[in-house]
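Trainee: So the chains spell out like this:
2 protein chains.
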Amino acid sequence: MPSELDFTQATAGLRTLGGQRVWSLMVSLFGDLAQDEGQAIDGPVLSAMMALLQVKPEATRVALHRLRNDGWIASQKSGRISRHSLTAQGRAETVAASPRIYANPDSGPADWQLILLEKPGRNLEQLGFVQVQPRLYVGGGDLHPPEGAMPLTAETAPDWLKAQAAPEDLRVPYTALLATLETLESALPRDTRLSPLETAVLRGLIVHNWRRLVLKHPALPQPLIAQDWPGRRCHHHIAALLTRFPRPALSEIEPPRAAA
Amino acid sequence: MPSELDFTQATAGLRTLGGQRVWSLMVSLFGDLAQDEGQAIDGPVLSAMMALLQVKPEATRVALHRLRNDGWIASQKSGRISRHSLTAQGRAETVAASPRIYANPDSGPADWQLILLEKPGRNLEQLGFVQVQPRLYVGGGDLHPPEGAMPLTAETAPDWLKAQAAPEDLRVPYTALLATLETLESALPRDTRLSPLETAVLRGLIVHNWRRLVLKHPALPQPLIAQDWPGRRCHHHIAALLTRFPRPALSEIEPPRAAA
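These protein sequence lines are chains A and B, in that order. Position 138 (the first sequence) corresponds to 1269 in my numbering; numbering is contiguous. Position 17 (the second sequence) corresponds to 1148 in my numbering; numbering is contiguous.
Since the hints were made in silico from the structure, they are not lab data. Check each hint, because a few of them may be wrong.
Given that identical chains are not distinguished, each listed pair holds provided it fits within a single copy or across any two copies.
[Said to hold, decoys possible] Dumping the calculated EDC-like pairs for lysine to aspartate or glutamate here, alpha-carbon to alpha-carbon at most 16 Å:
no., residue 1, residue 2
1, Lys-1293, Glu-1249
2, Lys-1347, Asp-1300
3, Lys-1250, Asp-1290
4, Lys-1208, Glu-1385
5, Lys-1347, Glu-1313
6, Lys-1250, Glu-1286
7, Lys-1187, Glu-1299
8, Lys-1208, Asp-1173
9, Lys-1293, Asp-1359
10, Lys-1250, Glu-1189
11, Lys-1187, Asp-1242
12, Lys-1293, Asp-1242
The whole structure should be built from the sequences, with the hints applied where relevant.
Mentor: Next up, the structure:
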């Protein structure tokens, strides 16, 4: 089993990639580990996970306080320890994001569509479409175009359309995440064995860095994503890592015993 | 047979609609009446036609001179009279325009296509396409899109697409022509009989006013033309009039005898 030092070093990239607000990181941990109704994370386990993430106890307390105030997390005393769980609202938002976060990178709708609007000025991102021109959008074949939109079909998407449909503003952060994931993988050789606590923290970090980017743009159907788009390459690494390090049961996770 | 006065009055609208440069009007006359190789219009017949068009002999001579200089018309003496005919170049341009001018308003390609270009800035009008957006064009299904263009298909064109594909800058002149054609038809009741000379002049005027507009924009396939588009309504009147007053044979056309 690798030492804690190795784990800290191996995850340094994911911890410093950006967007590491403690409360947001905590939401990622809960979302990956305790999304089901009735699931709760014991205070000592949460503290141990946050410590492994190099978050100071005071910062953890502030983040928990904030998440309780914002209605994301509820805490209940159970004997000597607190048990923390997602609220109904927090769970609903987490569940809504999960299909994107845990999507199989090679599945997803193979059908796609283009639609032309009569006039510019509408924003169809909320419907899941991606704008290519002021009045021209692309999206998965399963999306419902707004009334009056003209459906167009094409057999294949040329490379330039894929390039134009890609969220170009995310190229740099996706490229940075890709490099970080590749470094992480080389720091975690095949025979790596992680404790349930380490696995939970690793998964939380992976999910956290992934959701920060993937939820910023609509899902594109496979035929519209270029093979070398860094977001697609990240997706393959993310899916492989989450498969390689399966989610531990909450009951398996034990806080490290106080140093003897 | 209506008197010459009636004919002059009936055609006043077509003669004054605009674009009545004498040389251009003369090209229309030749194009309708003597397009075939070997056909020529005798000087006296041409003079009579131009007189019926209220063009003064001096203006006719100037126009003929210009058309000869520009290589459109060739004149040959045959005994006492001149015979005027389209040059090979003039014939070629006339022949090229004829499919548009004499098209059946209810035929034409039923297939249509949309194409999306990678970048804006190209002008595909020369290929017969009509621009709908900076990078989006529509056209008949028989057109050849440029390399790299993305072909799109749609089952039906919404009304707003038809409106956007229409040459809106020609709405006013088409509307004026439509009103003129309706007035002309009411001035030419069913039992109207025209002399071959009058028929030739009437056809020349009709063709002239029609080609001035129809050749200014690419042909749109039927499914992309709104029913009430004034250009389409003009087309129906034009076709009906040209059918109702068939082209006379050159040999039938006789200049009016000098007043006794």
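Trainee: Work down the list of hints and note, for each, if the structure agrees.
Mentor: Verification of the supplied hints:
no.	hint	in the structure
1	Lys-1293 - Glu-1249	between (23 Å within a copy, 11 Å between copies)
2	Lys-1347 - Asp-1300	within (10 Å within a copy, 43 Å between copies)
3	Lys-1250 - Asp-1290	between (26 Å within a copy, 13 Å between copies)
4	Lys-1208 - Glu-1385	neither (18 Å within a copy, 113 Å between copies)
5	Lys-1347 - Glu-1313	neither (22 Å within a copy, 60 Å between copies)
6	Lys-1250 - Glu-1286	neither (25 Å within a copy, 20 Å between copies)
7	Lys-1187 - Glu-1299	neither (36 Å within a copy, 68 Å between copies)
8	Lys-1208 - Asp-1173	within (10 Å within a copy, 112 Å between copies)
9	Lys-1293 - Asp-1359	within (11 Å within a copy, 39 Å between copies)
10	Lys-1250 - Glu-1189	neither (53 Å within a copy, 54 Å between copies)
11	Lys-1187 - Asp-1242	neither (47 Å within a copy, 68 Å between copies)
12	Lys-1293 - Asp-1242	within (14 Å within a copy, 27 Å between copies)
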